[in-house]
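Enquirer: Here are the chains, one letter per residue:
Protein chains: 2
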Amino acid sequence: MREFPIKGYERIMKEIAIFGSTGSIGKSALDCIRKAPGKFRIKGLCAYSDIRTLAQQVKEFSPTCVCIVDGLSAEKFKSNCNKKIKVFSGRQGLLEFSAHKSDISLMAIAGISALEPLMINLKHTKRVALANKESVVCAGSFVFDAAKAAKTEILPVDSEINALYQLLKIHDAPSSNGNRFEKVYLTASGGALFDYSKRKLSKVTVRDVLAHPTWRMGERITVDCATLVNKGFEVIETHNFFNLAYEDIGVVIHRESKIHALAQFSDKTILACVYPADMRIPITFALHYPRRATYPCGIDFNKAFSFTFQPLASKKFPLLEMILAAAKKDDNSLVILNACDEKAIEYFLKKKIRFIDIYKTMEHLFTHYPSKKLNSVADVFYWNTWASQKTKEYLQTLC
Amino acid sequence: MREFPIKGYERIMKEIAIFGSTGSIGKSALDCIRKAPGKFRIKGLCAYSDIRTLAQQVKEFSPTCVCIVDGLSAEKFKSNCNKKIKVFSGRQGLLEFSAHKSDISLMAIAGISALEPLMINLKHTKRVALANKESVVCAGSFVFDAAKAAKTEILPVDSEINALYQLLKIHDAPSSNGNRFEKVYLTASGGALFDYSKRKLSKVTVRDVLAHPTWRMGERITVDCATLVNKGFEVIETHNFFNLAYEDIGVVIHRESKIHALAQFSDKTILACVYPADMRIPITFALHYPRRATYPCGIDFNKAFSFTFQPLASKKFPLLEMILAAAKKDDNSLVILNACDEKAIEYFLKKKIRFIDIYKTMEHLFTHYPSKKLNSVADVFYWNTWASQKTKEYLQTLC
Chain A
73 MREFPIKGYE RIMKEIAIFG STGSIGKSAL DCIRKAPGKF RIKGLCAYSD
123 IRTLAQQVKE FSPTCVCIVD GLSAEKFKSN CNKKIKVFSG RQGLLEFSAH
173 KSDISLMAIA GISALEPLMI NLKHTKRVAL ANKESVVCAG SFVFDAAKAA
223 KTEILPVDSE INALYQLLKI HDAPSSNGNR FEKVYLTASG GALFDYSKRK
273 LSKVTVRDVL AHPTWRMGER ITVDCATLVN KGFEVIETHN FFNLAYEDIG
323 VVIHRESKIH ALAQFSDKTI LACVYPADMR IPITFALHYP RRATYPCGID
373 FNKAFSFTFQ PLASKKFPLL EMILAAAKKD DNSLVILNAC DEKAIEYFLK
423 KKIRFIDIYK TMEHLFTHYP SKKLNSVADV FYWNTWASQK TKEYLQTLC
Chain B
73 MREFPIKGYE RIMKEIAIFG STGSIGKSAL DCIRKAPGKF RIKGLCAYSD
123 IRTLAQQVKE FSPTCVCIVD GLSAEKFKSN CNKKIKVFSG RQGLLEFSAH
173 KSDISLMAIA GISALEPLMI NLKHTKRVAL ANKESVVCAG SFVFDAAKAA
223 KTEILPVDSE INALYQLLKI HDAPSSNGNR FEKVYLTASG GALFDYSKRK
273 LSKVTVRDVL AHPTWRMGER ITVDCATLVN KGFEVIETHN FFNLAYEDIG
323 VVIHRESKIH ALAQFSDKTI LACVYPADMR IPITFALHYP RRATYPCGID
373 FNKAFSFTFQ PLASKKFPLL EMILAAAKKD DNSLVILNAC DEKAIEYFLK
423 KKIRFIDIYK TMEHLFTHYP SKKLNSVADV FYWNTWASQK TKEYLQTLC
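In the order they appear, the protein sequences are chains A and B.
Note that my numbering has the first sequence beginning at 73, numbered continuously upward.
Note that my numbering has the second sequence beginning at 73, numbered continuously upward.
Simulated from the structure, these hints should not be mistaken for lab results.
A virtual CB, placed ideally from N, CA and C, is assigned to each residue, including glycine.
Heads up, some of the hints might be wrong.
[What the hints assert, rightly or not] Now the in silico label distances, taken between C-beta atoms and shown as ranges:
| hint | chain 1 | residue 1 | chain 2 | residue 2 | range |
| --- | --- | --- | --- | --- | --- |
| 1 | A | 136 | B | 388 | 53 to 61 Å |
| 2 | B | 125 | A | 283 | 54 to 62 Å |
| 3 | B | 454 | A | 254 | 45 to 53 Å |
| 4 | B | 400 | A | 318 | 30 to 38 Å |
| 5 | B | 375 | A | 283 | 26 to 34 Å |
[As the list claims (entries may be wrong)] Here are the computed lysine-lysine pairs in the DSS-like style, where the Cα-Cα straight-line distance is at most 30 Å:
| hint | chain 1 | residue 1 | chain 2 | residue 2 |
| --- | --- | --- | --- | --- |
| 6 | A | 255 | B | 330 |
| 7 | A | 375 | B | 387 |
| 8 | A | 388 | B | 375 |
| 9 | A | 330 | B | 424 |
| 10 | B | 272 | A | 270 |
| 11 | A | 375 | B | 270 |
| 12 | A | 241 | B | 375 |
| 13 | B | 375 | A | 272 |
| 14 | B | 375 | A | 375 |
| 15 | A | 330 | B | 107 |
| 16 | B | 241 | A | 255 |
| 17 | A | 375 | B | 111 |
| 18 | B | 107 | A | 255 |
| 19 | B | 241 | A | 375 |
| 20 | A | 241 | B | 270 |
| 21 | A | 255 | B | 86 |
| 22 | B | 375 | A | 400 |
| 23 | B | 272 | A | 375 |
| 24 | A | 255 | B | 111 |
| 25 | B | 445 | B | 432 |
| 26 | A | 330 | B | 387 |
| 27 | B | 255 | A | 107 |
| 28 | B | 99 | A | 255 |
| 29 | A | 241 | B | 330 |
| 30 | A | 272 | A | 241 |
| 31 | A | 255 | B | 375 |
| 32 | A | 330 | B | 388 |
| 33 | B | 375 | A | 387 |
| 34 | B | 255 | A | 86 |
| 35 | B | 400 | A | 375 |
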């Protein structure tokens, strides 16, 4: 009988930590790992409070440790779980969990709260598959500097940025003979309210906004898609990830979300990156890179379909313009706007304010904040807390 | 006064010979060269009989030699032209012209008559920008073997094959980590008669067939687009150029001719190559490769537009199926069908037969030819002449 080389086999298995395993991206990532038996071993899973889903994941993937950020949920989980698993809890627990070694981390915690664990984790992993936008938007230079210092690679999971990564990293490589793209385009679905008139926008319900035409995602990002704040964030991500000037980054409306990004050479040849609106495809890329894994479902050429494009009427999306104006200021304004957007959406989702009050609140904060340079990650946290508080105060006046 | 380094400057200018300079591709190529002053020098121009256009081109580009294949036209040209230009004439003159040294040759002679000059020219140039399909379809292995032996690179100009070249040559390069595409798709506009019913097809006029929806091209290729023979040829070109198995090459209907080819990795990421239906873009690529030149007009993202796709109903296009069946036979059948198609279209364009008689003629030849292996280029010429003669005989019975 031929002996199975267990040791060698284990050595090539990559150890993975998933931050945000019970969210939409986390679940998709676990499905990708399920589809690649023998390639990955789940070392750690981290959730905010959904211990029911986490318990199922623990049962299936047997991690060595888990982290539950919400203290009460952590206590409940501990009392029921296998004693062999190490359980971290609370914000402090999250930071300790972030210092665990892994080959790949998937950072899929939502919002700016991903930044602190990310900054720690960058020193303890070889690759971060980054699904969190806010960290790159609010603290891009700190994140990339830390990654460079730790020699940790960051692979974008966000579909548009992932698509650009696939186009730019390969075509700007030595084999492409030093040819650079002269312009890149991110596509935008336009979100759930794209065809709404200004009048109709004033009566929008939570349900309306959450009915995204192509993607199933978390609630905040779905609202950000409707306001195009999300697309503004992606333009900034593109700028930070690929060192591209803002004037070389375009946005084009593409309702079907199948072409995720396009890159144009000076000879007007465009390369486009196309795949179904299924986050498991960019996650698969980020986990297996530089190899290509096999994924079962792609674009079906046995059916008729269309890809439509239309120019972005940016006046219809004042928040996108605001975000891009903030980006060019190179100060704390993106931190302010991100915190404000997060808080305002929280109030909208709780039905305490109207949809159009999100605009009003953002405008208020953007015209009433002290512009300061960001000198450290601590500054990011400071202005995030400041803006959350100021936003809350303003929102109370609207409720 | 600063001296202009004439010698060094001249040395980096590439010397170009254009075969078929008065045709659609030839004129486009000269326009590309006009747009890149100082980069190229026209060494030779070759035309069949359009000496009026040729005379203008000679005046503008001052080649050292020209070739006019039609003997009478050549005599007329000689009597009027500058005596310093060497003029080759007739079929023999074409072969001598083909043996002139150049840095780049654009082979844009139509039909199988390009094969003989191509086989000679491959030994005397460093790069062939190949716009002729028939040579690769009928004699692919001889052409590529000769290119390999002469260390001459062949760059495809045909938009679909050019698009695949851009996708495959770069992404299958070492920097793409050995990942190969699992499937490629060529797009097909469907030609001028795509929406015609079977009944309507029987009444098609020459004018109907030549009304191609997206491209302005030579007459034979426009008819070949309507029958999809052209797409069959491109599938064979793809097979020969990139060593891809026939089952990994798909065809999808895309009426707008903006996406020219798509290539899919195993993880279902697709890269697509996109540019307007303007042959100057792939010609620019083939002339400047590995550098990217600047071309002024690309896809306009300031306007709304759609890319539509639909599966190919191959039963509607029996000639495509016939061409692909012939390709898999690996004998002289493609030579037979190409000669037959050429001759039948000639008769159709002269209004001697109906459009549907092209189908009838092809079917007759495909079921009445002696299947033989091709052992040399001489065999290709033999069977080409044989099939032309047999086709003519059959066509007489239809006139």
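Enquirer: Next step is simple, just say for each hint if it's right about the structure.
Expert: Hints and how they fare:
The hinted window of 53 to 61 Å between residue 136 of chain A and residue 388 of chain B holds, with their beta carbons roughly 60 Å apart. Checked against the given bound of 54 to 62 Å, the beta carbons of residue 125 of chain B and residue 283 of chain A, roughly 60 Å apart, stay inside it. Roughly 50 Å separates the CB atoms of residue 454 of chain B and residue 254 of chain A, a value that falls within the hinted 45 to 53 Å. One distance hint, 30 to 38 Å for the beta-carbon pair residue 400 of chain B and residue 318 of chain A, is violated here, with the actual separation near 52 Å.
Between residue 375 of chain B and residue 283 of chain A the beta carbons are some 28 Å apart, a value that agrees with the proposed interval 26 to 34 Å. In summary, the hint linking residue 255 of chain A to residue 330 of chain B is supported, as the alpha carbons are separated by about 18 Å, within the 30 Å threshold. Under the criterion of a C-alpha separation no larger than 30 Å, the hint pairing residue 375 of chain A with residue 387 of chain B is consistent with the structure, at around 16 Å. Distance check on the hinted pair: residue 388 of chain A and residue 375 of chain B sit about 17 Å apart at the alpha-carbon level, within 30 Å; holds.
For a cut-off of 30 Å, the pair hint linking residue 330 of chain A to residue 424 of chain B is broken: about 48 Å separates their Cα positions. Note on residue 272 of chain B and residue 270 of chain A: the hinted pairing is violated, with a Cα-Cα distance of about 49 Å set against a maximum of 30 Å. In summary, the hint linking residue 375 of chain A to residue 270 of chain B is supported, as the alpha carbons are separated by about 23 Å, within the 30 Å threshold. Of the supplied pair hints, the one linking residue 241 of chain A and residue 375 of chain B holds, its CA atoms being roughly 29 Å apart against a limit of 30 Å.
With a CA separation close to 26 Å, the supplied pair residue 375 of chain B and residue 272 of chain A stays within the 30 Å bound. Our distance criterion of 30 Å between C-alpha atoms is met by residue 375 of chain B and residue 375 of chain A, whose separation comes to about 26 Å. At most 30 Å may separate the alpha-carbon atoms for a hinted pair to count; residue 330 of chain A and residue 107 of chain B exceed this at roughly 35 Å. Among the hinted pairs, residue 241 of chain B with residue 255 of chain A is consistent with the structure: their alpha-carbon atoms are about 22 Å apart, no more than 30 Å.
A distance of roughly 46 Å separates the Cα atoms of residue 375 of chain A and residue 111 of chain B; the hinted pair therefore is violated under the 30 Å criterion. Between residue 107 of chain B and residue 255 of chain A the alpha-carbon distance is near 21 Å, which keeps this suggested pair within the 30 Å criterion. Distance restraint check for residue 241 of chain B and residue 375 of chain A: the Cα-Cα separation of roughly 29 Å lies within the 30 Å cut-off, and the hinted pair is therefore satisfied. Distance hint between residue 241 of chain A and residue 270 of chain B is unfulfilled; the C-alpha atoms sit about 49 Å from each other, more than 30 Å.
With a C-alpha separation of about 29 Å, the suggested pair residue 255 of chain A and residue 86 of chain B falls inside the 30 Å cut-off, and the hint holds. Only pairs whose Cα atoms come within 30 Å are accepted, and residue 375 of chain B paired with residue 400 of chain A is accepted, the gap being roughly 27 Å. Taking the CA atoms of residue 272 of chain B and residue 375 of chain A, the gap is near 26 Å; set against the 30 Å cutoff, the hint holds. Proposed proximity of residue 255 of chain A and residue 111 of chain B is supported: the alpha carbons are some 24 Å apart, at most 30 Å.
Between the alpha carbons of residue 445 of chain B and residue 432 of chain B the distance comes to roughly 25 Å, so the proposed pair stays at or under 30 Å and holds. Taken as a hint, the residue 330 of chain A and residue 387 of chain B pair is honoured in the structure, with Cα atoms around 29 Å apart against an allowance of 30 Å. Taking the CA atoms of residue 255 of chain B and residue 107 of chain A, the gap is near 21 Å; set against the 30 Å cutoff, the hint holds. Between residue 99 of chain B and residue 255 of chain A, the direct Cα distance comes to roughly 29 Å. Compliance with the 30 Å bound is thereby established for this hinted pair.
About 24 Å separates the Cα atoms of residue 241 of chain A and residue 330 of chain B, which keeps this hinted pair within 30 Å; it holds. In summary, the hint linking residue 272 of chain A to residue 241 of chain A is not supported, as the alpha carbons are separated by about 43 Å, beyond the 30 Å threshold. Restraint check: the Cα-Cα separation between residue 255 of chain A and residue 375 of chain B comes to about 17 Å, which is no more than 30 Å; the hinted pair holds. Straight-line distance between C-alpha atoms of residue 330 of chain A and residue 388 of chain B comes to about 29 Å, which keeps the hinted pair within the 30 Å bound.
The suggested pairing of residue 375 of chain B with residue 387 of chain A holds, with an alpha-carbon distance near 16 Å, which does not exceed 30 Å. Restraint check: the Cα-Cα separation between residue 255 of chain B and residue 86 of chain A comes to about 28 Å, which is no more than 30 Å; the hinted pair holds. For the hint pairing residue 400 of chain B with residue 375 of chain A, the CA-to-CA distance comes to about 27 Å; that is within 30 Å, so the pair holds.
In this structure, the earlier hints numbered 4, 9, 10, 15, 17, 20 and 30 are contradicted, and the remaining ones agree with it.
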